[in-house]
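Asks: Top to bottom, those sequences are chains A and B.
Those letters in the first sequence? Residues 1 to 217, per the working numbering, in order.
Those letters in the second sequence? Residues 1 to 217, per the working numbering, in order.
Because the hints were derived from the structure by calculation, they are not lab data.
As the structure is a computational prediction, the values presented were derived from the model and not from experiment.
Where hints are given, some of them may not hold.
No copy labels: a pair is met if it fits in one copy or bridges any two.
Simulated pairs of lysine to any residue, SDA-like, Cα-Cα distance not exceeding 25 Å [what the hints assert, rightly or not]:
#  : residue 1 : residue 2
1  : 184       : 51
2  : 135       : 41
3  : 61        : 156
4  : 189       : 24
5  : 189       : 92
6  : 59        : 40
7  : 184       : 203
8  : 61        : 192
9  : 20        : 33
10 : 189       : 17
11 : 20        : 91
12 : 59        : 192
13 : 48        : 117
14 : 189       : 205
15 : 61        : 138
16 : 189       : 60
17 : 61        : 155
18 : 128       : 71
19 : 48        : 67
20 : 59        : 138
21 : 48        : 70
So you can see what is in the structure, the chains are spelled out below.
Protein chains: 2
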Amino acid sequence: MVVLSPQALQRMPYYLQYLKSLSACGTAVIAAPAVAEAMRLNEVQVRKDFAAVSPSKGKPKTGFVVTELIANMEGILGYHNTKDAVLVGAGSLGKALLSYRGFQSYGLRILAAFDVDERIVGTQIENKPVFSVNKLGELCERLRVQIGIIAVPDREAQRVCDALVQSGIRAVWNFAPVHLTAPKDIFIKNENMAASLAVLSNYLEAGAAGVTEESKP
Amino acid sequence: MVVLSPQALQRMPYYLQYLKSLSACGTAVIAAPAVAEAMRLNEVQVRKDFAAVSPSKGKPKTGFVVTELIANMEGILGYHNTKDAVLVGAGSLGKALLSYRGFQSYGLRILAAFDVDERIVGTQIENKPVFSVNKLGELCERLRVQIGIIAVPDREAQRVCDALVQSGIRAVWNFAPVHLTAPKDIFIKNENMAASLAVLSNYLEAGAAGVTEESKP
DNA sequence: TAGATTGTTAATCGATTAACAATC
DNA sequence: TAGATTGTTAATCGATTAACAATC
């Protein structure tokens, strides 16, 4: 069992999806090269990733036990023990996140939302209560919430982050396209749709402008 | 003007956010080291990123013109000319994406959604029509849509991807945690919340288990 | 001019990929 | 045994960071 790089960690959900589909088809054992082939990844990379999550080693000539791989990966990703989170900012994006049901299978449960808008404070979105941001600290501390999700406008993001840190949160999932400053022991994961779109748009732009390797002077 | 690495491209929205806030405060010129300091990035990295997007060079001792930087970055990211997209899968996640208003400022417009569920086909979500997936090809070809957003369950993702490719789409934004196979000239950008959560969860799990640098044997 | 900041070339770092001996 | 697959050590690759001369 080795420490996994962030890149390796982010490959885990893809492996999981594929391994589960294999398992559903009744495949009990799988070799790394077969997975690499199917997922179009490098063979050595898959081997290393599998080795990194497997306390019991793979068997030469046969491979890895699918159910063990799944269990090990889910364990590392913490899918088994549910982690509570609060969401700050119940606007367009916040609502979207509240209404997304997929999170629960990843072990994430959003307990409540917080907002400044008096018109929605006191209401429910997808059965999740919306509280005033004033209540943020109290609730987080009382329920020992570990994860804070930031879905507020850019300019509020840092302030909300500070409040979350103050409330004892240990990790922040930040959907605002803003760099956040926080103490070193607070883990910040930026989720930036704009950044993703940037790569995508750039590809289309470059293509449209005819910028290719050949067209360079 | 240099080719930007994907990493550099993904930093652009963060720069943009910061530069716009500067511009709003009336700052006309800014030096790379100052930006690096504020955003906690490496000074050289900022300098290189700025140089890469600036046809006119920065001036030693003063820096870069803020408005030019903004315009150049927005140009590279294609924020100025709106790109049309279709969304396939109007379930929990799909609805969330349809209702997110932030996309338009990034030059992305979702024209319509497609789904197999007869109960929602013909309805509207956030003023966007929901069509039957059978109509996918026709509409994409007619309107020359370039971007397809996949928000269907895992097992449907590849089939939908194939249909999109067939319909002349050039880039796919894939929200299913599945590896997609497509021709080389089709650009695929995976957006995986599970992958992001993986990094976040792993941090919390590791912390909970007391796995630190010090606790290693 | 003096000094801060730029652009660029070289060094470092981490992740990916290749090579190969060990193993079932 | 023969051969496929594993685990591991070495080479490659790309991005980040450091060093430094050029410039306003």
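Asks: For the identical chains here, do residue 184 and residue 51 meet the 25 Å Cα criterion within one copy, between copies, both, or neither?
Replies: For residue 184 and residue 51, the Cα distance exceeds 25 Å both inside one copy (30 Å) and across copies (30 Å).
Asks: Please work out whether the CA atoms of residue 59 and residue 192 approach to 25 Å or closer within one copy, between two copies, in both situations, or in neither?
Replies: Classified as neither; 40 Å inside a copy, 31 Å across copies.
Asks: Between copies, within a copy, both or neither: which fits residue 20 and residue 33 at Cα up to 25 Å?
Replies: For residue 20 and residue 33, the Cα distance is within 25 Å only inside one copy (17 Å; across copies 48 Å).
Asks: Pop the pair residue 20 and residue 91 into one bin, within, between, both or neither, using alpha-carbon distances up to 25 Å.
Replies: between (35 Å within a copy, 22 Å between copies)
Asks: Tell me, please, which holds for residue 59 and residue 138 at an alpha-carbon limit of 25 Å: within, between, both or neither?
Replies: The answer is neither: 52 Å in one copy and 50 Å across copies each exceed 25 Å.
Asks: Classify it for me, residue 128 with residue 71: is the Cα-Cα distance of at most 25 Å met within a copy, between copies, both or neither?
Replies: neither (30 Å within a copy, 41 Å between copies)
Asks: Could you figure out if residue 189 and residue 17 sit no more than 25 Å apart (CA to CA) within one copy, between two copies, both or neither?
Replies: Classified as both: same-chain Cα gap 22 Å, cross-chain 17 Å, threshold 25 Å.
Asks: Using 25 Å as the alpha-carbon threshold, which applies to residue 61 and residue 138: within, between, both, or neither?
Replies: neither (56 Å within a copy, 49 Å between copies)
Asks: My question is about residue 135 and residue 41: at a cut-off of 25 Å on alpha-carbon distance, are they close within one copy, between copies, both, or neither?
Replies: Close neither inside one copy (47 Å) nor across copies (34 Å); limit 25 Å.
Asks: With identical chains treated as interchangeable, where does the CA-CA distance between residue 189 and residue 24 reach 25 Å or less: within a copy, between copies, both, or neither?
Replies: For residue 189 and residue 24, the Cα distance exceeds 25 Å both inside one copy (32 Å) and across copies (27 Å).
Asks: With identical chains, the pair residue 184 and residue 203 could be close in the same copy or across copies; at 25 Å between alpha carbons, which is it: within, between, both, or neither?
Replies: Between copies only: 13 Å across chains, 35 Å inside a chain, cut-off 25 Å.
Asks: With identical chains treated as interchangeable, where does the CA-CA distance between residue 61 and residue 155 reach 25 Å or less: within a copy, between copies, both, or neither?
Replies: Neither, since 56 Å and 30 Å both go past 25 Å.
In summary, the structure is inconsistent with hints 1, 2, 3, 4, 8, 12, 13, 15, 16, 17, 18, 20 from the numbered list given earlier, while agreeing with the others.
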